[in-house]
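Visitor: Chain order of the listed sequences is A and B. In terms of numbering that gives the first Met the number 0, the first sequence opens at residue 0 and continues consecutively. In terms of numbering that gives the first Met the number 0, the second sequence opens at residue 0 and continues consecutively.
Some clues are possibly wrong.
The calculated PhoX-like cross-link candidates involving lysine-lysine, where the alpha carbons are at most 20 Å apart (straight line), are [claimed, not checked]:
hint, chain 1, residue 1, chain 2, residue 2
1, B, K3, A, K271
2, A, K223, A, K186
3, B, K263, B, K212
4, A, K62, B, K267
5, A, K39, A, K29
6, B, K332, A, K44
7, A, K62, B, K212
8, A, K189, A, K29
9, B, K332, B, K320
10, B, K199, B, K263
11, B, K132, A, K62
12, A, K44, B, K205
13, B, K132, B, K348
14, B, K3, A, K266
For the record, the hints were derived by calculation from the structure and aren't laboratory data.
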Amino acid sequence: MSKWPLDAYLRVERLPTLWCPGCGIGIVVKALIMAIDSAKLDPDKIVLVSGIGCTGRAPGYLKFDSFHATHGRAIPLATGVKLTNPELKVVVISGDGDLFSIGGNHIIHAARRNIDMLVLCVNNFVYGLTGGQVAPTTPTGAKTKTTPLGNLEQPFNLVSIVATAGATFVARWTVIHVPQLKKSIEKALKRRGFSFIEIVAPCPTHFCRANNISPIEALERLQKVSEIKNGLDPREATLDFGSKIVCGEFVDEEREEYTTLIYSLIKERSGKDVRNVVSA
Amino acid sequence: MSHKLISSGVHFMDGDRACAEAALLAGCRFFAGYPITPASEIAEHLSERLPEVGGVFVQMEDEIASIMAVIGAAYTGAKAMTATSGPGFSLMAESVGLAAMTEAPCVIVDVMRGGPSTGQPTMASQGDVLQAKHSSHGDYEIVALAPSFVQECFDLTIEAFNISQRYRVPVMLLMDAILAHLMERVVVPDHEEIVLESVKRPEVSKAEYKPFKADESLVPPMAFFGEGYRFAVTGLTHDENGYPRISPEQHERLVRRLCDKVRKNADKIWEYEVRDVEDAEVLLLAYGSMARAAYDALERLRLMGFKVGMFRPVTLWPFPKGPLVEVARHVEKIVVLEMNLGQIYHVVKEVCPQNEVLLYSKVGGVLPSPRELVSFLEGVLRE
Numbered sequence: 000m001s002k003w004p005l006d007a008y009l010r011v012e013r014l015p016t017l018w019c020p021g022c023g024i025g026i027v028v029k030a031l032i033m034a035i036d037s038a039k040l041d042p043d044k045i046v047l048v049s050g051i052g053c054t055g056r057a058p059g060y061l062k063f064d065s066f067h068a069t070h071g072r073a074i075p076l077a078t079g080v081k082l083t084n085p086e087l088k089v090v091v092i093s094g095d096g097d098l099f100s101i102g103g104n105h106i107i108h109a110a111r112r113n114i115d116m117l118v119l120c121v122n123n124f125v126y127g128l129t130g131g132q133v134a135p136t137t138p139t140g141a142k143t144k145t146t147p148l149g150n151l152e153q154p155f156n157l158v159s160i161v162a163t164a165g166a167t168f169v170a171r172w173t174v175i176h177v178p179q180l181k182k183s184i185e186k187a188l189k190r191r192g193f194s195f196i197e198i199v200a201p202c203p204t205h206f207c208r209a210n211n212i213s214p215i216e217a218l219e220r221l222q223k224v225s226e227i228k229n230g231l232d233p234r235e236a237t238l239d240f241g242s243k244i245v246c247g248e249f250v251d252e253e254r255e256e257y258t259t260l261i262y263s264l265i266k267e268r269s270g271k272d273v274r275n276v277v278s279a
Numbered sequence: 000m001s002h003k004l005i006s007s008g009v010h011f012m013d014g015d016r017a018c019a020e021a022a023l024l025a026g027c028r029f030f031a032g033y034p035i036t037p038a039s040e041i042a043e044h045l046s047e048r049l050p051e052v053g054g055v056f057v058q059m060e061d062e063i064a065s066i067m068a069v070i071g072a073a074y075t076g077a078k079a080m081t082a083t084s085g086p087g088f089s090l091m092a093e094s095v096g097l098a099a100m101t102e103a104p105c106v107i108v109d110v111m112r113g114g115p116s117t118g119q120p121t122m123a124s125q126g127d128v129l130q131a132k133h134s135s136h137g138d139y140e141i142v143a144l145a146p147s148f149v150q151e152c153f154d155l156t157i158e159a160f161n162i163s164q165r166y167r168v169p170v171m172l173l174m175d176a177i178l179a180h181l182m183e184r185v186v187v188p189d190h191e192e193i194v195l196e197s198v199k200r201p202e203v204s205k206a207e208y209k210p211f212k213a214d215e216s217l218v219p220p221m222a223f224f225g226e227g228y229r230f231a232v233t234g235l236t237h238d239e240n241g242y243p244r245i246s247p248e249q250h251e252r253l254v255r256r257l258c259d260k261v262r263k264n265a266d267k268i269w270e271y272e273v274r275d276v277e278d279a280e281v282l283l284l285a286y287g288s289m290a291r292a293a294y295d296a297l298e299r300l301r302l303m304g305f306k307v308g309m310f311r312p313v314t315l316w317p318f319p320k321g322p323l324v325e326v327a328r329h330v331e332k333i334v335v336l337e338m339n340l341g342q343i344y345h346v347v348k349e350v351c352p353q354n355e356v357l358l359y360s361k362v363g364g365v366l367p368s369p370r371e372l373v374s375f376l377e378g379v380l381r382e
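Can you make the complete structure from the sequences, with help from the hints?
Guide: Rendered as structure tokens:
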């Protein structure tokens, strides 16, 4: 059997993945390694960090240094990696529940600091790995295992939250926008600062089944209701799975990066050009 | 850089600063923490001192973030520490389990204050002693050291880093509010005389490296992120490759190794002090700040002619049961003195079933006065 050209980035011995047929996470992973390859980054200098959930399993299938941390805590662990060795490119890949419910405090502070880090958030509107419970992204009225009569709460708009908190690169795509997603990831990997990309993905097993949407219908809907509005104020970037999903790169601006500031302070105080604080 | 480390010789400082300066001497170049009384001075001091010695200080958004950043730092090869008090340590509990499971060497300082809950922030306690060992779910081992003097806050911080590096295990320094804010004489040894240990490094090729494969020492050599080993770490039960493996056999193998690497080396970790035990009929057992009051009572009781001795565990976990049993077989009664309602007391009862074990508890946040303590012990001795 011929090998896929990007097999070198995979732990092929760990395949197949645990993701269900029709899941969008694999598409995001493919876009990520295509972007890393295209950006010609040194794979030895990339660290992937994730929390708990279906998306949290992604780093374990990829041949980079990786840390599959506790639920919600990928970003602070990634912060410790980046602050001690700034030459590493740190990518957090996790789900909407992990990053915005249990881990919600961490993402706003990482965005505020503008620490150089790319956060990929796969938003499938539901807690998948635990069996389909309501998430902070579940649309109002949608059925889940813990909202059998429909969700009473209003969902977060993720891009609006991180932009408000201070993220300097903010984008949203869906799993049908692979070329655009790859391009945004590559752009984010090449810049210095806190970058956030939300990827809307169907969960055929839980969210779609509970709401009578077939896997094909889900993809067709993404195609039908998506519109691209680059540069739009992220507060106006509607995400309504039923009627309108605004995609695009909403924020792309320069602000002093946190690690750079810390190492400038170290240089000023110690009189030495310290590049990392690794003991070896 | 070393000229910016604390100079050798005699200093006068409090426990928090002694701990912070010792951490720098031990090679700590990353601190992440969150303000909390009575541990804040450690963070405040390091926020100024770390950049001077080429290190990174960060105040995180909470204690969970602080210890997670420390674990991340450990995996790039930085010597890393956090410091907190009871409420913050409670928040760190899950991550202590992650550090144990992923064998991330790190130092956690818990400057104990009165609990439960918000309790008495400015008053001391020894209420976190059992929590230090059992904060997280599941079976695992940590190491905990309890200084009784500011000098020991200094010495044991260096020791904490060395033990954490040697066994790839979280090490706790259990200080308290009294030691944190007590000014005492500290002698800093010549820097060349200070032994510093670092994790054992891989000796195989990058292709052959298995991040969680241990030899007979039970401690796997550690590669760091960014060195080209490209390895996976997870809090899930994992095999030698660091890949998740959910199986009864693998879980048992892993959990037993994580515990055994500390348990089977316990005699190399134990530190303790014995005093006046040769002819003792009653043994005082105290640690941390309480040992200061106990030493004072010991002197007074000896002057009064009582045959009393003392055993002071410096290592609380793993508990130095072997050395205690050796001393305890020559005495009748053991009086355990603690600033809690009896935590090490139950351990001593288990370790010394042949002795009558009594408890002296003080939970208000202050040490007993000499008169109070001597009067209680006199009653025990005259029985």
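Visitor: If a hint holds in the structure, say so; if it doesn't, say that too.
Guide: To see whether the hints hold, each was checked on the structure:
1. B/K3 with A/K271: Answer holds: B/K3 to A/K271 is near 12 Å, not above 20 Å.
2. A/K223 with A/K186: violated, 26 Å
3. B/K263 with B/K212: holds, 18 Å
4. A/K62 with B/K267: The hint is violated at about 38 Å.
5. A/K39 with A/K29: holds, 15 Å
6. B/K332 with A/K44: Not satisfied, since the Cα-Cα distance of roughly 60 Å exceeds 20 Å.
7. A/K62 with B/K212: Holds - the C-alpha atoms of B/K212 and A/K62 are around 18 Å apart, at most 20 Å.
8. A/K189 with A/K29: holds, 18 Å
9. B/K332 with B/K320: It holds: about 16 Å lies between the C-alpha atoms, which stays within 20 Å.
10. B/K199 with B/K263: holds, 18 Å
11. B/K132 with A/K62: Distance of about 35 Å is beyond 20 Å: violated.
12. A/K44 with B/K205: At roughly 14 Å apart (the allowed maximum being 20 Å), B/K205 and A/K44 satisfy the hint.
13. B/K132 with B/K348: The hint holds at about 18 Å.
14. B/K3 with A/K266: Holds: B/K3 and A/K266 sit about 14 Å apart, inside 20 Å.
Taken one by one, the earlier hints fail for this structure at numbers 2, 4, 6, 11, listed in ascending order.
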